[in-house]
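Asker: Okay, here's what each chain looks like letter by letter:
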Amino acid sequence: MGVYEIIFWFLTVMALSCALGVILSRNPVNSVLFLIATFFAISGHYILLNAQFLAIVNIIVYAGAIMVLFLFVIMLMNLNADTEPQKNRLVQIAGAISGGTLLLVILAALRTSTITSLDQTSTDIGLIKNLGKTLFTQFVLPFEISSVLFLSAMIGAVVIGRKETEKTA
Amino acid sequence: MQLDIAFIIEKVLLISVILLGSLGIAMYATWAERKVAAVMQDRRGPNRAGFMGLLQPMADGLKLFFKEEIIPDRSTRFLFILGPALAMLTAVMTSAVVPWGPDIVTENGVISLQVADINIGILFIFGVVSLGVYGVMLGGWASNNKFSLLSSIRAASQAISYELAMGLSLVAMLMMTGSLSLREIVEQQHGFWDAGYFTWNFFKQPLGFFIFLVCAFAELNRAPFDLPECESELNMGYHQEYSSMKLGFYLFAEYINLFISSTVIATLFFGGYNFPFMDEVAASVSPILFAIICVLTLLTKAICIILFFMFIRWTLPRFRYDQLMRLGWKSLIPLALVNMVITGAVILWVIK
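Going down the list, the sequences are from chains A and B. FYI, the numbering for the first sequence is 1 to 169, going by my numbering. FYI, the numbering for the second sequence is 1 to 352, going by my numbering.
Hint data in this document are derived by calculation from the structure and do not stem from the laboratory. Among the clues, some could well be false.
As the list claims (entries may be wrong) - Example chain B residues on the side facing chain A (calculated, C-beta under 7 Å, incomplete): (1) F80; (2) L113; (3) A116; (4) I120; (5) L123; (6) F126; (7) S130; (8) L131; (9) M137; (10) A156.
Note that CB positions come from ideal geometry on N, CA and C, so glycine has one too.
Put together the whole structure using the sequences plus the hints.
Answerer: Written out as structure tokens, the structure reads:
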């Protein structure tokens with residue numbers, strides 16, 4: 001077992017156990033911290049695949065910005081384990097059924113797919129130059145459409161924020 | 001994948017030297033800050049411990065180490081300890097991608113004065129900076145104190161707001177350099193004057209530099225943007241409940257951040273280790289001496305920028321919080337966007 005395998009298995013175990021920690025921990029702040037650790041493990045996988053740009057963008061955008069906002073909201077609402085509301089039985093059953101269906105779908109998909117062995121030959125697809133060229137030539141239409149989507153989400157957020165200030169003023 | 005023992009030893013040595021160096025400089029930055037404040041306010045400043053108070057940082061450190069460590073009863077214990085640890089960790093991590101000097105070519109091989117030359121150097125710095133806010137946020141929340149919580153929320157929103165303008169101001173510069181690797185950016189600024197214009201990025205991107213500098217003040221929580229530790233509104237800020245060396249780590253991480261970000265500014269905009277007539281100097285002295293001169297050049301630039309940060313701190317009054325947000329979102333971000341458009345137009349039609 002070489003260094004590559006050791007790092008791969010370490011990151012895999014870390015990602016899976018931290019992901020379990022997200023849903024199993026009672027305190028929402030701990031959940032957020034576990035989620036951040038999961039992002040780090042996934043970024044480690046990206047680096048193993050020689051996709052440094054994806055790895056660092058994953059950290060900047062998800063761990064550095066989005067999770068800060070999550071933490072922000074949780075801290076402001078002061079959610080603690082003892083204030084967690086008891087969910088009603090119907091919601092619990094609905095959650096179990098929908099989660100179970102998702103599990104079935106994933107299992108069915110995994111059963112038919114062939115699992116290839118770990119390929120260690122390095123590729124340059126994930127480097128920023130190749131990624132940028134691919135995004136702006138082959139995939140330029142979906143790329144621009146998704147940017148329009150982000151813009152509309154941003155405008156929507158501004159509109160929602162505006163209404164609230166006018167009411168209070 | 002083979003492990004190269006000599007390579008690991010070389011890197012470990014380099015990392016330890018850089019770590020100890022930044023700790024030492026950060027220590028004396030606290031002394032310099034008090035001396036600068038004293039000079040600007042017509043006082044003497046620390047002058048008891050040693051000549052000119054030069055032993056004052058040691059005395060402060062010892063005092064903090066020997067103080068009683070208090071962890072508040074109703075705090076979240078693990079996060080309370082994790083906060084200062086994270087602050088310290090993210091403060092020193094940025095130094096990994098800074099090129100401290102040129103490669104030293106000897107008969108035994110090439111020694112690089114950079115811990116890691118990754119091709120996304122600037123993005124790495126952004127990643128670490130964006131993580132830096134966790135130390136403050138977790139510490140402030142875990143203290144279970146309303147003032148600390150308010151302060152950490154201020155710190156987080158301030159950091160996120162100013163990261164945007166910072167990134168946009170750098171995009172314009174990256175359009176000119178065409179590379180994200182800090183080593184390549186420094187090598188493009190070789191010397192001082194080339195082909196009829198300055199090589200340093202400061203002269204190519206003055207507006208970008210200005211925006212970056214203002215954002216650096218905000219990211220470092222330094223006056224005039226030190227809202228998270230605004231004494232008149234929040235008592236002491238996010239480290240109110242901290243005592244002993246945990247408080248020391250928070251204060252110390254701030255000065256390490258100051259040093260590292262001054263180095264990054266010098267690297268990005270003021271040519272890093274490059275200086276005028278460096279080719280003539282390189283031809284006349286040995287490679288090792290030349291490397292030392294280069295490192296000293298970078299340190300001198302960094303120290304000048306640190307002093308500039310200090311002059312500003314003791315000159316300008318603190319902003320109000322809404323003014324801070326308005327400046328970030330309504331002035332700096334549009335300005336950075338305009339700078340980006342101008343840069344694009346210049347590259348497209350003037351330089352080609």
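Asker: Each of the hints needs a verdict: does it hold here or not?
Answerer: Hints versus structure:
1. F80: violated, 12 Å
2. L113: With a minimum Cβ separation of about 21 Å from chain A (threshold 7 Å), the hint on L113 (chain B) is violated.
3. A116: violated, 11 Å
4. I120: holds, 5 Å
5. L123: holds, 4 Å
6. F126: Where the cut-off is 7 Å and the nearest Cβ of chain A is about 5 Å from F126 (chain B), the hint holds.
7. S130: holds, 3 Å
8. L131: Hint on L131 (chain B): holds, closest Cβ of chain A at ~6 Å, below 7 Å.
9. M137: Cβ of M137 (chain B) sits 6 Å from chain A, so the hint holds.
10. A156: holds, 5 Å
Checked against the numbered hints above, the structure breaks hints 1, 2, 3 and satisfies the rest.
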